[in-house]
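Colleague: Sequences are here, hints too, so could you generate the full structure?
One-letter residues, chain by chain:
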Amino acid sequence: MTDVNCLTSEQTTTTTTTPTTTTTTAEEAANYTTPTKNVLEQPPTSPFILRAPPSAKSKLILQNMEEVLNTVKQKHREKHKRKREEKRRAALLAEQATAVEATNAAAVPAAAATTTTTTPNGRHVLREKTARENGLSQAKRKSNSSPVKSTTPQSSIMKAEPASKTPAKTTNVFELMMNARNRSMGTNANGQELAEAVEPIVTPHTKRKQMLQEWNDRKGGAKRRLADEARGDYIEQKMEQRAKRLKKMLTQPNELSERKQSNSGSRELPRVRKQTSSGQETKETINIQEVQKESTQTQTQATSAPTKRMRGRPRTRRLSADVETALPVSADPETLQFLSKLSSPTKKRDSLLGYFTKVDSPQNSAEREKEKPEIKLIEETIETPKRRPRASKSSSNLIVNVEETSATTTPSGRPRRSCAAKARYDYDLEVSPTKAVKPSPAVEENDSIEIIDLDNSNPAVTPKKLAPLFMRQVPKPSPDPTALRARQEFLHSGVPEKLKQEQQRQRSYEQYYEDSYELFPSIAHVGSERLEVKQASKRLPLRAEEQQEEGAATIARKTRPGSITSCTASDFVASRKRAPCSWTPLPQLDNKRAMVKNWKSIFDRFPTFKCYNQMREKYRHFSAIDAAQDTQPMGESFVMTRRTRRSVQQQDMGKEEDFHPPALAPNGELLFTEKYKPLLFEQVLVNLTPVQELRDFLANWSGASASNRNSQTLDDSSNDHDSSSMSGSCNTMVLLGPCSSGKTNAVFALANDMNFNVLEINAGMRRTGKKLIQELQEATQSHQIRKEAKAGAAPTQQLLQKLQQNGLKARRNQGDDDVRKSLILIEDADIVFDNIDAGFTDAIYTLAASSKRPVIIVASDPNCAHLQRLMQQNTIKFQAPNALNISRFLAVLALMENCPIELDELISLYLFNNQNLRKTLMELQFFIQSGGDAKREQVALAAPPSGSPSRSPRLATLPGVQIHQRLFEFYTSAQNVQHLIPFPVDFRLLRLNLGELLRHSTQLQSPSTPVARRVGKRKSCSPKKAWLNKSEAQEPLQTLASFYEQLSTATLLDATLEERNDRLQPHLSEQLAHELVERAVGTCLAAKNYAYNLFDKPEQRFNLSDQLGSFQLRSSCARSLDYEPAMRSICRSEKQRAGLERRSSRFYHYLRNHTNHNLSSFSLELYDAACQVLQEQAPLVE
Amino acid sequence: MPEDTGIVVVDKRNNLPWIEKYRPVKFDEIVGNEDTVARLSVFSTQGNSPNIIIAGPPGVGKTTTIQCLARILLGDSYKDAVLELNASNERGIDVVRNKIKMFAQQKVTLPRGRHKIVILDEADSMTEGAQQSLRRTMEIYSNTTRFALACNTSEKIIEPIQSRCAMLRFSKLSDAQVLAKLIEVCQLEQLKYDEDGLEAIVFTAQGDMRQALNNLQSTAQGFGEITGANVFKVCDEPHPMLLQDMLQHCASNDIHKAYKILAKLWRLGYAPEDIIGNIFRVCKRLNVDEQLKLNFIREIGITHMKIVDGCNSLLQLTSLLARLCMTAESH
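Sequences listed follow chains X and L, in order. Our numbering applies: residue 1 is where the first sequence begins, and numbers increase by one. Our numbering applies: residue 1 is where the second sequence begins, and numbers increase by one.
The hints are simulated quantities; they were obtained by calculation from the structure and are not laboratory data. Nothing here was measured: the structure is a model prediction, and the numbers come from that model. Incorrect hints may have been included.
Stated by the list, open to error - With a cut-off of at most 27 Å between alpha-carbon atoms, the simulated DSSO-like pairs for lysine-lysine come out as follows:
no.: 1; chain 1: L; residue 1: K260; chain 2: L; residue 2: K233
no.: 2; chain 1: L; residue 1: K101; chain 2: X; residue 2: K675
no.: 3; chain 1: L; residue 1: K284; chain 2: L; residue 2: K264
no.: 4; chain 1: L; residue 1: K99; chain 2: X; residue 2: K771
no.: 5; chain 1: L; residue 1: K101; chain 2: X; residue 2: K771
Modeller: Here you go:
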């Protein structure tokens, strides 16, 4: 079956490929026939190789062979198969043919021997194999040509050649091979075992095969002759076809070589001549061509399959493919008949084998024929175990053929089967797809050279040398010493000179070929333009250069300075001279009291004089300290207490305002926040109510302690009583309030005033629960703390020491109260670092539960979940102090610092800082101590006339006293570039200021000047009037419309900006928006002299779902209808629940996971605020 | 004393990047934000500087200013009395609680009115926890230690920290300021330059002195001469002159010429974001009627919005040109 397929496929390939070569274009043909040309060279070279003496360089050859091997193997397999088919054909013919031919046909088993392993010894065996193949091919040719008259006379001569040579040397070679094999692998008698194997499992394939065989047997005898005739006809036909093809090939290679000649020079000429010289050679080339074509076919097939696969797989696949291609071709009835005759491979093989033996030794032939049935038997036994691993019938069939033939003829005891299988396996592994895809011409050439080389150098290739399965026991004939020597010599010989030359030639030719022909086709589907560019100019053109070329006209003209940047021509001329910063200390004001008196009338309901006196005291005090410290090192005595104050007052009663700042440190050493902070209760000027509450709270404790002090005898019991009565309800107090509303200062001032020791725990310390309890244990469990003078090693003492560095150890040296109560102050209690401050919250609650001392907890977050329970007990809420009061306070303060500042400025700054007093004080200090208004003189001149109407009355000044006015400007305006609107446009502010802007717009007013009555209502320009005044160039309404259009675009631009936080540079859309607004204000409105309000930020509207990750919320509808209410209700319940227990629930975590904020800063504030919106609205509804 | 060291240091630096080589060591040399810098220089002589936060875009001299202040204020004891932590240092809660606090507690003898300084550069990259744990420390040790923070966005500094500092906002440098410094550097480096080149550098820098100096150095070392063409070879941007021409063509309602330029720029492979950005910047200085310019900017803004949204095709830019032409026509 398979053989038939192979044969037909071969026919088809040959028949199909030949027209292509003829019809294809010259270029393609050139590509196509190059391998064949290489092959064409071979026959003439072989004699040289034969003649070449073996040298010691055999290893080199071996290496070459090894390289070649992988690519060759695949091909060889194909060759074997084909040859086996042909062999069978030949065997059929041989029934009538002479014995001479039979010897050639016997080469087939030898070819089967090629499938040996690649052991070092096995390599030359492989070479042998190839040699045998060549011999076989020759034999085939002869067998083909014998019935029909061969086209060339040489064929008969060639025919005789191998026959005469083979009997002499074959044994030696094969024995050498087998010896080598045995040496390398060891003799294992598996062949015998297999032969004795029990009845095999007969697969359907084998059954079918057997059936076929039987069928063929039945039919064969009668029809064989007919078949032979038919075959003879067929072969004749085929030969004719081949002759035709040959002619074509002859003409074509001529053309091709002529074409090549132009490229590769005269090197090709001899080749062509050789081709034409002998028909036999060309015929051979065609054969080889066919082989190669087929091999390439299979190679490509092999590449399509994965490299590692089952042994017989590729073959079967190819066969199936061949069957497909073969079927349509084999429609010819003659051929069909022929094929049907051919389809009994075993029979033919048997006859073939018998024939072989005849050839070898005619006297043995009879014996051999007797053996036939036996062989058949054994064949079956051998076959069956093989079949199991084999996937397909065809491959197994082939192998069995090999085995059988080898079994009959080979003298050595090794079974062929195992080695064949092994070798085949190796092939599959070793042939890498890449190699298989394009076998380089060099490799092919080597391959073919090798073939011919061995063919001629070892004419000893004989069919006799087949491994006999049944003759294993027969002692091995000793290798012929001469042959062995020749063999060794050959192996030791290096690469023959001719071979080298040939290789070199080939290499140079390839080199030339590569050089002359582009590796990649110039017709590229992409990027051809770039290639041209690259060829045109070697270096990569710079873009700017290219740009320059076209834009040369524009760029060549000198850019006017300031055309693309805001630089002016004068900037280029000279580097600007910078005014040296001239700082002169602020002049000491002498008439502060008089000024304050003036102000008193303005500052209604503000304790102006009280404030003034306090400040004056402090100012004097610190000035005195500073002045004193000019000579002495700094002491600790600057702490203001009642007593010192009194003494200071008494001391300084006489002098009014004669303190001057010390020379060395004109700015003093303290921050304003420290300098002017209240140290006593009376000094608290703002936020009085919460401080009073706190005082009442502390007074309880202080009073209790006072009573204790009075009745020392009842100390313990009353203490216990007091504490038990109190601690249950109010030993803790939570101070809630925004940043810098004076919470901590109030505590310290009261503690100072009421003689408490403050044990402070703040976020800057390590405050794990354990540590907290440990440190505060003593303080919480007793009312008193030991006197500092006798301080032990208690940790609280160290804490106190630290605190006293802070300048708050008031009354330490006062003799009357030795005993001081302690007060625990926990700062920043709403900030808990979960992973670092473990147990902090629990510690607070423990303290609150067990402490016998007042515990004051300061927090700024009213929604802090873990403090909710404490907050519900005792809370004092602080609020940011009133701007008006603060401005007065600040004004007096500034006056004390010799730098009176306009009230407006102070209010503005305070509001701009979000009512943050501390920040305002800091900035005030920065402003004042760096000299107030920098350009003092100019402002002094300019300020009085530009008395724009401001909301609060201006401060009265005395002659000679300058009121500073640039505080707010300094902190808000950009100093490098002047903007009308502060740079990142806040559109909420803009909306607030729109009225003001429109009011000051000259553009809106100017056209309406003829219509005087419109001045009052600029904004509400009626369309009717606008229509009436259409003649004018720019209508107010039009102006307004365009202004609003710009604004809306700017707002849109600003809204696209999403992540305001993650940016270093101001975003382009921000710049665009600002530019738009500013230009709109500048050009559309032409507004001047307007006061842009920077601080009246309107209430921000909370959108709960804005806080959620945006990825979840796509539709605004779902957002407002589903998410927001859900979130709100969750928030509400969460807040309620947080009041009852202090552990956060999973809802809390849910919300936390859904916020955009970083997790550490999450608070429910947003949600709470969102809830409050509803809570505020609810009463309205009711 | 600072003057001497300054000159010596400048001489020593030869292989440095110019931003380091010409980093100001005196307040006089600091470009821009003159008012604030002058005030800080007062503090550097008078002492008792409050805690400060300097916020502003990159390349305006925030860090330089703070370092100047610290160096001049503390002089020789700079090493002992200054703790500088930038984003490359670890500044977690532990560092604040230990390192900074330890530093604040350290006793360093300083002249009166001088304080130790903790410089927290790039403070907006500090975690919120670290900032929280810093807040009370800043207050308690304010008698001995002052803080100077530098950051890009003040929003990332938590409010308690902001409330303990005077916030000084630095704004982008004006083009003239950058130019003045560039000329100064060019003269010091003895570079060949022309106005075109300097203006090109100023244009590309966008008020960032660091970038301006880097570009200047790149151009100088790459091409030697500071010309406009060389500068744009280094800082590959859509050429402002081309864009200016384009806008002028639009203003004269000639879309064909304008489109030619745009198509050329597009072919050169510039990103539409770059093109629109430069169009905007060129348009700001365009020599056309103010009202028209305003309308131009609005159109540019709308197109920018589209590009940001992802419609960054040539079509969008072309439609911008068309709309500009229409605006010019109706104007």
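Colleague: Would you mind marking each hint as holding or not holding in the structure?
Modeller: Right, here's what the structure says about each hint:
This hinted pair checks out: L/K260 and L/K233 have alpha carbons roughly 21 Å apart, not beyond 27 Å. Only pairs whose Cα atoms come within 27 Å are accepted, and L/K101 paired with X/K675 is accepted, the gap being roughly 22 Å. With a CA separation close to 22 Å, the supplied pair L/K284 and L/K264 stays within the 27 Å bound. With a CA separation close to 19 Å, the supplied pair L/K99 and X/K771 stays within the 27 Å bound.
A C-alpha spacing of about 18 Å is found between L/K101 and X/K771, which places the hinted pair at or below 27 Å, so the restraint holds.
Checked against the numbered hints listed earlier, the structure breaks none of them; every hint is satisfied.
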